[in-house]
Amino acid sequence: MIEQHEAEAGRARLASALIANGSLTPDWLTAYHAVPRHWFVPALVWPGQADGVRQGEAVNRHADPAAWWKAVYSDVPLTTQWDDGDHTGFGRGTMPTSSNSMPTMVFSMLAALDVGDGHRVLEIGTGTGWNAALLSRRVGSDEVFTIEVDEDTAAEARHRLARAGYSPTLVVGEGADGHPDGAPFDRVIATCSVQRIPYAWVAQSRPGAVIVAPWGPEYGGEAVARLVVGDDGTASGRFVGSSAFMRLRQQRTARPGSLEYLSGPWPADGAKSSTPLSPEALADWPAMFAVGVQVPGAFPLTERYTDGTYTLWLHDTAVTSWATADWEPGRTAYEVVQSGPRSLWNEVESAWNWWDDRGRPGFDRFGLTVTPDGHTVWLDGPDNPVPVRTGTVAPN
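Note that this note's numbering has the sequence shown beginning at 1, numbered continuously upward.
Heads up, a few of these hints could be off.
Claimed, not checked - Simulated restraints on C-beta separations:
id, residue 1, residue 2, range
1, 250, 33, 29 to 37 angstroms
2, 92, 34, 16 to 24 angstroms
3, 232, 167, 32 to 40 angstroms
4, 60, 330, 29 to 37 angstroms
5, 75, 181, 43 to 51 angstroms
6, 87, 361, 36 to 44 angstroms
7, 332, 66, 33 to 41 angstroms
8, 3, 256, 26 to 34 angstroms
9, 361, 335, 45 to 53 angstroms
10, 21, 86, 33 to 41 angstroms
11, 332, 249, 42 to 50 angstroms
For the record, the hints were derived by calculation from the structure and aren't laboratory data.
From the three backbone atoms N, C-alpha and C, an ideal C-beta is built for every residue, glycine too.
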């Protein structure tokens, strides 16, 4: 009785919060109540933050049921797996690799999907199975196809789905390949992020189909893209809000440490200069997105010091070029050192200035077009592509 009371009270509180923030729309309210989140949350989880990029201490239902119920019916993501399942125990692993997503994101993306009766839906990333169950409740299990790359995660999700009374087609495989045997689809939704929309998702969709997927460049910053598939085999649409999801396994990239770029002790062979652009200005999520779109194959790392200062490192994925910018409070000019065939700081600074000159646009002004040949990110309309900057020359 105590658990039933906690479930009912928690579901009601969370529903009120999701309705208030606009993510839980009336057409999904019945599914929300019919498919309780706690049915799809394992006993051991690591609650995250609202931004989805940090995890707290483990919560164990058996050891602390009150904390577990509080976590389940809070609007936060719940990490359920670390390091592709290699990590065990109650501590945090190195990299979170599966989760029960933040409810605001779940229902915001379902609202963007605009699913209706008769729609055939492909989900990329089954995870715990909650999203697949919500979709099954809405359109029927026969119309839902869900793909999970991890065999153990898939087996656990299949068990939870069956226990809840749902039987979508659950495939163990690579999400980037889609599911040609179930095509064509009217809706495609990804519960993991990508930096390239796999064209298989477009090719397996009907004209007029909607694809909803978190998309982000290598550099950082991420948003949910809502694309409509055209008669010509392309897909295009705007970003509808920020996001922070785990990357599709097939699109993960290695991120070498700073020492792998240096030919000797810092500053090695780096050329020094200064900049008025504070590294702090590059930390904003839309700014990271705008920079990342323009500066492909680059990523940042931050080295923090005990006195509160830090160094922003920029690296390229090819391990050929690097740059540093030192931040100290109260400064109006910041020391820059960079080395390699790419002048990474110059590329990033030019990209930030482009974003700043256009009024620092948010995600809602950006869009994405996918063709068989690649991707184009645009600002305000498809006829205004965002420039790509590589090879910017460093100052003498």
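Okay, the hints, checked on the actual structure:
1. 250 - 33: 29 to 37 angstroms: The hinted range 29 to 37 angstroms holds for residue 250 and residue 33, with Cβ atoms some 35 angstroms apart.
2. 92 - 34: 16 to 24 angstroms: 33 angstroms, violated
3. 232 - 167: 32 to 40 angstroms: About 36 angstroms separates the Cβ atoms of residue 232 and residue 167, which means 32 to 40 angstroms holds.
4. 60 - 330: 29 to 37 angstroms: With Cβ atoms ~46 angstroms apart, the hint is violated.
5. 75 - 181: 43 to 51 angstroms: Since the Cβ atoms of residue 75 and residue 181 sit about 36 angstroms apart, the hinted range of 43 to 51 angstroms is violated.
6. 87 - 361: 36 to 44 angstroms: 39 angstroms, holds
7. 332 - 66: 33 to 41 angstroms: At roughly 51 angstroms between Cβ atoms, residue 66 and residue 332 fall outside 33 to 41 angstroms, so the hint is violated.
8. 3 - 256: 26 to 34 angstroms: With Cβ atoms ~47 angstroms apart, the hint is violated.
9. 361 - 335: 45 to 53 angstroms: 30 angstroms, violated
10. 21 - 86: 33 to 41 angstroms: 36 angstroms, holds
11. 332 - 249: 42 to 50 angstroms: 44 angstroms, holds
In terms of the numbered hints stated before, the structure departs from hints 2, 4, 5, 7, 8 and 9, listed from lowest to highest.
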